[in-house]
Every structure is written in C-alpha cells, then in structure tokens.
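Our numbering applies: residue 2 is where the sequence shown begins, and numbers increase by one.
What the hints contain is simulated information worked out from the structure, not anything from laboratory work. All values derive from a computational prediction rather than experimental measurement. One or more of the hints may lead you astray.
When the alpha-carbon atoms are kept at most 27 Å apart in a straight line, the in silico BS3-like pairs for lysine-lysine are as follows [stated by the list, open to error]:
(1) K65 / K151
(2) K65 / K3
(3) K228 / K151
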Amino acid sequence: MKPASFEYYSPASLTDALQLLGQHADTARPLAGGQSLVPMMNFRLARPAHLVDLNGLQELNFLKVANGELCMGAMTRQRALERSAIVAEGWPLLQEATRHIGHIHIRNRGTVGGSIAHAFPSAELPVVMTALNASFVLRSAHGEKIVSAKDFFIDVMTTVLEPGELLVEIRVPQSPSRTGWAFQEVSRRHGDFALVAVAGVLALTNDGSIDTCRLVFTGAIPHLSTKTEALRGQKPNSTLFSDVAHAAAAELDPESDIHASAEYRRQVSQALARRVLEAAAARARLNA
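Input sequences plus hints: build the corresponding full structure.
Okay, here's the thing in structure tokens:
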C-alpha cells in the first residue's frame, strides 16, 4: 500500500524543526527511524499532512555522561546503546534490554527517542526507562520542560507530548553501589514483539537488606508495581520474591489477542518477575 499524500520537510536545525512542528501542529509528525511510522503510513493508519524529517539533526544524536547521568539525544540509534562501553559500564540494564529490540537491522535504524515517543505496548525501552527512573526533555518553539518516565506514558501509543512538542533528550541517572538489575522477556521468536517483558532494579543497604526496588512490566503503558514496597527492609530470599511476584502480577490487567491470552501473560509476568528479582538481588550483592 501507499501512504496518503503529505508535505515533506528536511529541517537544517532543531529550531527549524520545532518551528515547523509548531506551525502545522495537529497535522505534523516527526520522522526519526521510521520503523513504526512509515508502515503505519503505508497502511494509512497514520495520515500526517506534514512530515518533518529529523535525520539531518546531528544535535539530537549524542551519547555522553554529564552530572552523573547518561544523556542521549532523541536521534541516538539503538545500536549505539548496544555497542557503547559507557552504557555497558554504568547502565548495563539499558544495554541488555536494547539487545532484545527486533534484529540488528532494526536497531541500526531505530532511535531511542522514536521508540519512547511511539509508546508501543510491547516496546522494551519505555519499560527500562521507567525502571531506571529516567527523565525526558521535551521542547517546543515556546520552551522546554522535563518529565519523568513514569509520568510520560498515558495510554496505548499515547504520551504527554503535545502538538508541536518534541522529545529531544533522555537522561538516565547512574545507580549507586549495592544496586542490581535484571531484564527478562518472552516472545514467540527472537526479534518478535514481546509477549511479556519485565525490568527490575534493586538496591541493598549496608547490612544486606533491601532498600528500594522498582519492578516494571510491559502493558498498555509501562506498569510500575506498587507491591515492591513489601520488600523494603527485608533480607532477599526466594519465598519473599515469589510472594511479591505473585502480588505484582495480580495487579496487571493484560489483554488477550491472537498471540497470547490475558491469563497466559499474567502467569508469564509472575514467573519473569520472580526471576528478575532474584537476578537483581544477586547482582546487588556483587556490586557491594
């Protein structure tokens, strides 16, 4: 199929891109990697009258550490995360999850900001960014604001981004010592969309008890479980993790589709959550 007709723009700067997005507001869409938007346009599920191509904006393509945070431009390719020694050293959860995104050709083209802004329910990066307590810099022709990952996602493929506004930067704080992480995913085949994915970050106190834990599941929006509060002050053990995983999975309200039933997704979520908690606790002990 072919997309509906549209006007194409290739701005030379971020300022020009924001002016175009603001000028055309509701009828404009930014083009990043195009891995999701272009197929949607071909099937006419998306019909932007104005397409603003961001691929020429090198100012949105960077990966660096500043003030204890990993800072990346929205146009940073996913493959850059996968290959970065900086990410491997300080943000290994982010790198591990990135390896689950499609295939290498997808990651070569796909962008970090594009995946986050698209907010697809089975996407890995929104889940991991929520687990890592990331923040997103949003900019328009009228100003800038910073939104936490947990407040960014509203519904299926819906975020707080307003017409004329663009996600320009992602900032991920570095975890302190005695912090462990884990990521687990189940898909029909390697590279397919995740049926269920779970990310976790767990920190221990000096005496080896659990200080904080963030456990996040795929869903209509990334689901940050509230049941991990029961872990605070407890010593890590398999029974405790099994109980919390069971309670966390019971919070979920997954949908059934041709790929998996809601009950299957809930059961898999429970199993993966337990594995994530155990693996994160083991890594936290090693990082003491």
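Against the structure, the hints:
1. K65 / K151: 23 Å, holds
2. K65 / K3: 39 Å, violated
3. K228 / K151: The hint holds at about 16 Å.
Violated hint: 2 only; the structure is consistent with all others.
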